[in-house]
Structures are given as C-alpha cells and as structure tokens.
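Each chain is listed here by its residues.
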Amino acid sequence: MKTEYASAVAAVKAMESTLMTQNDIEQLINTSTKSERQTLIDSRNGDVKNISDVWEMLMTFASDSKELKILLYRNDFHNLKAVLKAMISNRDPEIYYVSPSNVTLEELKKAFRDKEADILPEHMRETARSAYELLTRTLDGQLSDSLIDCAALGAMQKSAADCGSAFMKRYAALTTACSDIKTAYRCSKMGKSRQFLEAAVCGSSELDKEAMIRSALSGVDALFDHLTKSGYGEAAELLKENPAGFEKWCDDVIMELAADARMQAFGVEPLAAYYIAKEAELKNIRIINVCKECGTARGTITERMRKLYV
Amino acid sequence: MNSMGLALAIIGAACASLFAGIGSAKGVGLVGEAAAGVVSVDPNKFSKVLILELLPGTQGLYGLLTAILMLRKIGILGGEVASLTTAQGLMFLGAAMPIAIVGLFSGIAQGRAAAAGVGITAKKPEHNGKGIIMAAMVETYAILALLVSILIINNIAV
Numbered sequence: 001m002k003t004e005y006a007s008a009v010a011a012v013k014a015m016e017s018t019l020m021t022q023n024d025i026e027q028l029i030n031t032s033t034k035s036e037r038q039t040l041i042d043s044r045n046g047d048v049k050n051i052s053d054v055w056e057m058l059m060t061f062a063s064d065s066k067e068l069k070i071l072l073y074r075n076d077f078h079n080l081k082a083v084l085k086a087m088i089s090n091r092d093p094e095i096y097y098v099s100p101s102n103v104t105l106e107e108l109k110k111a112f113r114d115k116e117a118d119i120l121p122e123h124m125r126e127t128a129r130s131a132y133e134l135l136t137r138t139l140d141g142q143l144s145d146s147l148i149d150c151a152a153l154g155a156m157q158k159s160a161a162d163c164g165s166a167f168m169k170r171y172a173a174l175t176t177a178c179s180d181i182k183t184a185y186r187c188s189k190m191g192k193s194r195q196f197l198e199a200a201v202c203g204s205s206e207l208d209k210e211a212m213i214r215s216a217l218s219g220v221d222a223l224f225d226h227l228t229k230s231g232y233g234e235a236a237e238l239l240k241e242n243p244a245g246f247e248k249w250c251d252d253v254i255m256e257l258a259a260d261a262r263m264q265a266f267g268v269e270p271l272a273a274y275y276i277a278k279e280a281e282l283k284n285i286r287i288i289n290v291c292k293e294c295g296t297a298r299g300t301i302t303e304r305m306r307k308l309y310v
Numbered sequence: 001m002n003s004m005g006l007a008l009a010i011i012g013a014a015c016a017s018l019f020a021g022i023g024s025a026k027g028v029g030l031v032g033e034a035a036a037g038v039v040s041v042d043p044n045k046f047s048k049v050l051i052l053e054l055l056p057g058t059q060g061l062y063g064l065l066t067a068i069l070m071l072r073k074i075g076i077l078g079g080e081v082a083s084l085t086t087a088q089g090l091m092f093l094g095a096a097m098p099i100a101i102v103g104l105f106s107g108i109a110q111g112r113a114a115a116a117g118v119g120i121t122a123k124k125p126e127h128n129g130k131g132i133i134m135a136a137m138v139e140t141y142a143i144l145a146l147l148v149s150i151l152i153i154n155n156i157a158v
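Those protein sequence lines, which keep their order, are chains A and B.
For what it's worth, this note's numbering labels the leading residue of the first sequence as 1, then goes sequentially.
For what it's worth, this note's numbering labels the leading residue of the second sequence as 1, then goes sequentially.
Each hint should be verified, as a subset may be incorrect.
Derived pair list, reagent style DSSO-like, types lysine-lysine, alpha-carbon separation capped at 30 Å [unchecked claim]:
| # | chain 1 | residue 1 | chain 2 | residue 2 |
| --- | --- | --- | --- | --- |
| 1 | A | Lys-49 | B | Lys-124 |
| 2 | A | Lys-66 | B | Lys-123 |
| 3 | B | Lys-45 | B | Lys-123 |
| 4 | A | Lys-307 | B | Lys-73 |
Source of the hints: derived by calculation from the structure; they are not laboratory data.
Bound-form chain A, shown alone:
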C-alpha cells in the first residue's frame, strides 16, 4: 500500500488554501494600480513569493523524489542553452539563468569552460557535448536551440518512464505533444527542411514523430488535418485562429492533469500538481500585470487567464 510523502502531501494541502481562486483573479483584474495588485498578491501568497520558494518548500519534504526533479528539466535545458550561448558570445550567463533548476549556474559554466560535461546530470551530458560541438562548428544558434529543446523533452519522457509514475509519464507526453505541435507549426510556416524537423520534433506516445514531420512538410493544412485525426482538433482550431489561445490551451491541458492528481492522499502526484498549480498562478499574475501596464481590455485579460487549480 503506497503511503509515500504523507507529510509533504499534508503540508501541500495546507498550502493549497492560499492558492488564488477565481474571485482573487477577478479582483486582480479589477485593480487599477500596481500597488493594489501587489497588496492583494501578498495577502494570498504569504511566505511563498515565487516559484523557487515553492520548489524549496517541496524539497524540504521530498528531496529524494526523482519524479519531482523531472518538472525542472525544461529549466535545466533552458539554462544549458543560455549558458552555452552566453559563453560563446562572451556574455554573463547569469541574467539568462532561470530558477529553480537541478543544475547550478556554476556547474553549467564549469561544464563548458573546462569541457567537463561529466559533472552534469547523466541526461544532460550528451546533449551538452553535441550542442557545444554543433554551435562552435556552425554558429547556428537556432539549430543548437532546437537540439537542446528536443533533448529536454526526450529526457523528460525517459526519466518519467524510468521512475514508473503514470502521472509523470502523462505530464511528459503532454508537454512534449504541445511543444511538438508548436515546433511543427512554426517549421511548416517557415518551410523548414526535413532534416531540421527531424532534429526539432521529439515525438511522444501522444503524437508520432514521423507522422508529424510528414504532415508539417506537406503544409500547415496537412498538419492541422493530422492533428485533428490524432485527437488534437481543438489545438489545431486554436492554432489557426489565435496562437495565444493555443498557448493557454497547452497550460490548461497540464492543469487538468494536475487537478486530477490533487484528489490523492499520498504519493508524489499531489506535490507535482501543487507545483504546476503555483506555476500557473504566477503566470496569471504576470499576464495580468503586463496586460494592465499595456492597457489591454478586460475581456482580453480574462480570455488569457489560465485554468486554476482550486
């Protein structure tokens, strides 16, 4: 009988009551000044100010969880990209580094400076070597970015399969599917070659890699047809009409997965779900802040709000 992380799950449930509700979001949208918004946000968040605080708290309870670390793979690989490009162009990578991450900035810098990829986690080593070699040989930042992005998704799926968590497997598959749709759509519009698509599209149990590449090479309409036939018709419709709507759809799909996991009393799933929920909440706050600063209409802001966990 699985009773893992009883303490962490209970703590997370206690903190779920501080997550923003639909009412809070409405209130935020109705505020007129930044300070009003900040007061409202501070009253809800307490000690948890940003996503790094959430991660730190989760790690105090579940530092041994391999499953949770998968949630940071995208940050890890983003940082790999950022440090690689910054070092090649002699810039300070610190401003591009995102937290939380499984790999510190110092480790990444050391890995490239001393050409010691072995100090990185196993799932990043080969990618770091290949991306460095590719970027120094071709100076094609786009190609190296697509290689790293694709490797991040592949590593996420592999680690999720290795740890055996159905939740993490689904999370990795959905994240990959959303990313592949975006990549295939952009490549199709830009008329990218099969070779580029093969390096950029990862493939998952949700969407087959070869079929995606074939449809993307045949044009945007063929890609939409393929997505519709693969059960991603809603995503295709949104991509056609409104790319911002598609981005929201991607976040909402992950949130729906998280919402199912919150019913569990034990295990890593409620912890991962809380992290995803907090990420979505912070994204909503960011969208509101930016939209308010730009004077965006209320209706548009509401339309862009991600699904909430509570």
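Since the structure of chain A is already known, use the hints to place chain B on it.
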C-alpha cells in the same frame, strides 16, 4: 500441569497485543507524519489533527485489553495459574486471533484513512469532522473483532 496448553494461551495473549500493537503503531505513525506536515505550515491546526492521530491507536488498546483478559482467565495475573489442556490452549490462541489479525490490518487502514483526513483538515479545517467520521468507520471492525475475542475468552471453560 500441561505446559503446552499454557504456552499456547500465552502465545495467544502475546499475539493479541503484538499484532494489534503493530497495526496501531503503523497507523499512528503514518497520521503523525501527515500531521507534522500540516503543523509545519500551520501550527494552529495541531489540536484538530491530533484527534485524527489518536484514532488508529485504539487497536493497540484492544489488543492489550484482550491480552489482560486472557492472562487473568488463565491465572497469570492475580491468581493461581490454571492447568490447561492443549485443546484449551488452542482455544485461547484462537480467541486472540480476531483482534490480533483485524487489529493489525484495521490499524494500518485506519491510519491511511486518518492521514487522508489530515488532508481535509489541512485544506478545509471546517470539515475536520468529516475526516474523523470517515476514519472512525474503520474502527467498527476492530470493535467487532474485540467483541468476538472477549466472547470466546469468556466462554472457554478453565
């Protein structure tokens, strides 16, 4: 004196307190873990989660009660040690089984239910009572097992 009969009866008494105690220890431990998680975030909920933590502790008490009743009946506690046949010893051993086995499993199951109840208290403290009721339902089966054990002990002719 048939020492085999007495030995079987003592093993029975030991089983009653041992297995029911293990069930309670595991259950209380699990709820304690969950409760500590909640209290680390909100110390004001201590009293509410404490009630849930106590619930799986009862199986251990039932096991102890059964063991005391058996030890009294066979004269180990407060009297002359009875001479038991092997059949009588087996009867005492059998009498201990309901609370020993049900106590073990219900203690663990109640711990899981109560730990899930801690989740309710953590998120919606006003619904704490529902978590307690759900965990307390498991208690029914421990009480039934205790009842059967007591009835058997009382009806063994020594």
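Handout entry: Numbered hints the structure breaks, given as an ascending list
Key = 4
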